[in-house]
Amino acid sequence: EDQVTQSPEALRLQEGESSSLNCSYTVSGLRGLFWYRQDPGKGPEFLFTLYSAGEEKEKERLKATLTKKESFLHITAPKPEDSATYLCAVHPYNTDKLIFGTGTRLQVFP
Amino acid sequence: DTAVSQTPKYLVTQMGNDKSIKCEQNLGHDTMYWYKQDSKKFLKIMFSYNNKELIINETVPNRFSPKSPDKAHLNLHINSLELGDSAVYFCASSTRRLNTGELFFGEGSRLTVL
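From first to last, the protein sequence lines are chains A and B. 84 is the number that this note's numbering gives to position 62 of the first sequence; each next residue is one higher, with no gaps. 29 is the number that this note's numbering gives to position 26 of the second sequence; each next residue is one higher, with no gaps.
Since the hints were derived computationally from the structure, they do not count as laboratory data. For glycine and all other residues, C-beta sits at the position ideal for the given N, C-alpha and C. Worth double-checking, as some hints may not be accurate.
Derived pair list, reagent style DSS-like, types lysine-lysine, alpha-carbon separation capped at 25 Å [what the hints assert, rightly or not]:
#1 Lys64(A) / Lys22(B)
#2 Lys101(A) / Lys74(B)
#3 Lys64(A) / Lys74(B)
Simulated restraints on C-beta separations [to be verified]:
#4 Lys91(A) / Thr62(B): 36 to 46 Å
#5 Glu78(A) / Asp21(B): 27 to 37 Å
#6 Tyr115(A) / Lys43(B): 39 to 49 Å
#7 Tyr13(B) / Gln36(A): 28 to 38 Å
#8 Lys79(A) / Leu30(B): 19 to 29 Å
#9 Ser105(A) / Glu61(B): 26 to 36 Å
#10 Lys91(A) / Ser68(B): 31 to 41 Å
#11 Asn54(B) / Pro132(A): 26 to 36 Å
#12 Lys91(A) / Gly19(B): 43 to 53 Å
Using the sequences and the hints, build the whole thing.
Printed below as a string of C-alpha cells:
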C-alpha cells in the first residue's frame, strides 16, 4: 500500500537555526513527490515537485531533495515567517491522486 | 482574484442535518477534488472530477454526494451529518488529471457537527 510518513511531527527552531524535515515514502512507482506549505486556517500551498532520485529544488531558504525512499526539506537560517505546517505528498503511477503525509508543524522563534 | 474559492468557510450544525459546500475555480483547470483534513492534519482525498466526470471515488459514506455542474464548479452535499464528519473540507483543482502534479487548494470549509 502506498504510504507517506513525515517526521518529526513538530519542530521548534530558533531564528537562524538550520534543520531538516523528513518525508519517507513507500509507493509502487513514483510519478512525483511534492512539498506543500500550510498556514493556519488556509489551504496547502505548493512549494516543490521532485521527480527522480538525486533531484534538488530550491526556493529562498528552502531546499528539497529526493532519494529512492525519502525526501528532505532543508531549511537554512529560518525566519519566524517560515512557521507553518509542511506537507509532503506522493503521486503514484497507478492513480490520479496525491497521497499526503500528516505534516511537520514548524515553529521558528525570534 | 481568488483562484479556488469555497463557501461557506465555517459551518456549525446539528447531527442529522444536511449541508452543502460549494467550490469554484477560475484557473481553467479540468480536474477538481474534494479533500478532508482531520484534526491531526491528515489530508485524504474523497472525490475527483475531470471535466464533470467522476474519476476518483474513495471509500466515502454514500451520505456524501459530489456534483459538478461544469468543469469550474464542484459542490459537496452531505446528508444526515454525524459527529465524525467534523473536519475541514478542502476543494482543489489541477491541470488535466494531475499531469503537472500541482494542486491548487481553496481556503477550506470547517464543518463542526454538534
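Here's how the hints hold up against the structure:
no.: 1; hint: Lys64(A) / Lys22(B); result: holds (21 Å)
no.: 2; hint: Lys101(A) / Lys74(B); result: violated (40 Å)
no.: 3; hint: Lys64(A) / Lys74(B); result: holds (23 Å)
no.: 4; hint: Lys91(A) / Thr62(B): 36 to 46 Å; result: violated (27 Å)
no.: 5; hint: Glu78(A) / Asp21(B): 27 to 37 Å; result: violated (48 Å)
no.: 6; hint: Tyr115(A) / Lys43(B): 39 to 49 Å; result: violated (28 Å)
no.: 7; hint: Tyr13(B) / Gln36(A): 28 to 38 Å; result: holds (35 Å)
no.: 8; hint: Lys79(A) / Leu30(B): 19 to 29 Å; result: holds (22 Å)
no.: 9; hint: Ser105(A) / Glu61(B): 26 to 36 Å; result: holds (31 Å)
no.: 10; hint: Lys91(A) / Ser68(B): 31 to 41 Å; result: holds (39 Å)
no.: 11; hint: Asn54(B) / Pro132(A): 26 to 36 Å; result: violated (48 Å)
no.: 12; hint: Lys91(A) / Gly19(B): 43 to 53 Å; result: holds (46 Å)
The earlier numbered hints that this structure contradicts are 2, 4, 5, 6 and 11.
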